[in-house]
Amino acid sequence: MTTPLNSGQELSDKIHVTVNTQYMADHPASEADKFAFAYEINIANHSAESVQLINRWWLIIDGNGKQTEVEGAGVVGEQPHIASGNHFQYTSGAVLDTPVGSMQGYYEMQDKDGAMFRVPIDIFSLAVPHLIN
Numbered sequence: 001m002t003t004p005l006n007s008g009q010e011l012s013d014k015i016h017v018t019v020n021t022q023y024m025a026d027h028p029a030s031e032a033d034k035f036a037f038a039y040e041i042n043i044a045n046h047s048a049e050s051v052q053l054i055n056r057w058w059l060i061i062d063g064n065g066k067q068t069e070v071e072g073a074g075v076v077g078e079q080p081h082i083a084s085g086n087h088f089q090y091t092s093g094a095v096l097d098t099p100v101g102s103m104q105g106y107y108e109m110q111d112k113d114g115a116m117f118r119v120p121i122d123i124f125s126l127a128v129p130h131l132i133n
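All letters in the sequence shown, in the order written, are residues 1 to 133 by full-length UniProt numbering.
Because the hints were derived from the structure by calculation, they are not lab data. Treat the hints with caution; some may be incorrect.
[Unchecked claim] Label-pair restraints from in silico Cβ distances:
{"hint": "1", "residue 1": "Asn-42", "residue 2": "Val-128", "range": "20 to 30 Å"}
{"hint": "2", "residue 1": "Gly-77", "residue 2": "Thr-21", "range": "36 to 46 Å"}
{"hint": "3", "residue 1": "Ala-48", "residue 2": "Gln-79", "range": "18 to 28 Å"}
{"hint": "4", "residue 1": "Val-19", "residue 2": "Asp-97", "range": "18 to 28 Å"}
{"hint": "5", "residue 1": "Glu-10", "residue 2": "Gly-93", "range": "27 to 37 Å"}
{"hint": "6", "residue 1": "His-130", "residue 2": "Ser-50", "range": "18 to 28 Å"}
{"hint": "7", "residue 1": "Gly-63", "residue 2": "Asn-86", "range": "35 to 45 Å"}
{"hint": "8", "residue 1": "Asp-26", "residue 2": "Val-100", "range": "35 to 45 Å"}
{"hint": "9", "residue 1": "Ala-115", "residue 2": "Ala-32", "range": "24 to 34 Å"}
{"hint": "10", "residue 1": "Met-24", "residue 2": "Glu-69", "range": "20 to 30 Å"}
{"hint": "11", "residue 1": "Gly-114", "residue 2": "Glu-71", "range": "36 to 46 Å"}
Note that CB positions come from ideal geometry on N, CA and C, so glycine has one too.
Could you build the full structure based on these sequences and the hints that come with them?
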């Protein structure tokens with residue numbers, strides 16, 4: 001028998017976020033002294049209950065230390081429900097003024113009872129390949 005999760009922290013620990021990034025050399029922004037990156041996010045629900053992604057918050061920092069906050073409802077126009085044992089994957093992007101930078105943030109999720117909790121997204125790099133040895 002599975003014990004139900006009774007706190008946001010316990011549930012948050014069961015939602016795993018992985019990120020893959022790619023420099024988009026052919027993107028129009030990358031030809032205008034900007035650097036375009038795509039990031040693919042996979043959100044896996046290893047808990048015993050369904051959750052819904054309600055909001056997102058990102059902190060994007062370029063190589064000059066310029067910080068940009070991005071927040072809003074859902075991701076890529078969706079507020080997906082992620083059933084127990086399932087995952088949700090999407091791709092989005094960021095444009096930086098420098099060839100290196102980083103992103104980090106969190107998702108605000110809701111459990112089946114309507115309680116909100118945060119799932120942190122660890123810092124990850126955005127970097128033009130072969131720029132740093």
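How the hints compare with the structure:
no.: 1; hint: Asn-42 to Val-128: 20 to 30 Å; result: holds (23 Å)
no.: 2; hint: Gly-77 to Thr-21: 36 to 46 Å; result: violated (21 Å)
no.: 3; hint: Ala-48 to Gln-79: 18 to 28 Å; result: holds (21 Å)
no.: 4; hint: Val-19 to Asp-97: 18 to 28 Å; result: holds (21 Å)
no.: 5; hint: Glu-10 to Gly-93: 27 to 37 Å; result: holds (33 Å)
no.: 6; hint: His-130 to Ser-50: 18 to 28 Å; result: violated (43 Å)
no.: 7; hint: Gly-63 to Asn-86: 35 to 45 Å; result: holds (37 Å)
no.: 8; hint: Asp-26 to Val-100: 35 to 45 Å; result: violated (19 Å)
no.: 9; hint: Ala-115 to Ala-32: 24 to 34 Å; result: violated (45 Å)
no.: 10; hint: Met-24 to Glu-69: 20 to 30 Å; result: holds (22 Å)
no.: 11; hint: Gly-114 to Glu-71: 36 to 46 Å; result: violated (21 Å)
Going down the numbered hints, you'll see the structure goes against 2, 6, 8, 9, 11, while the others check out.
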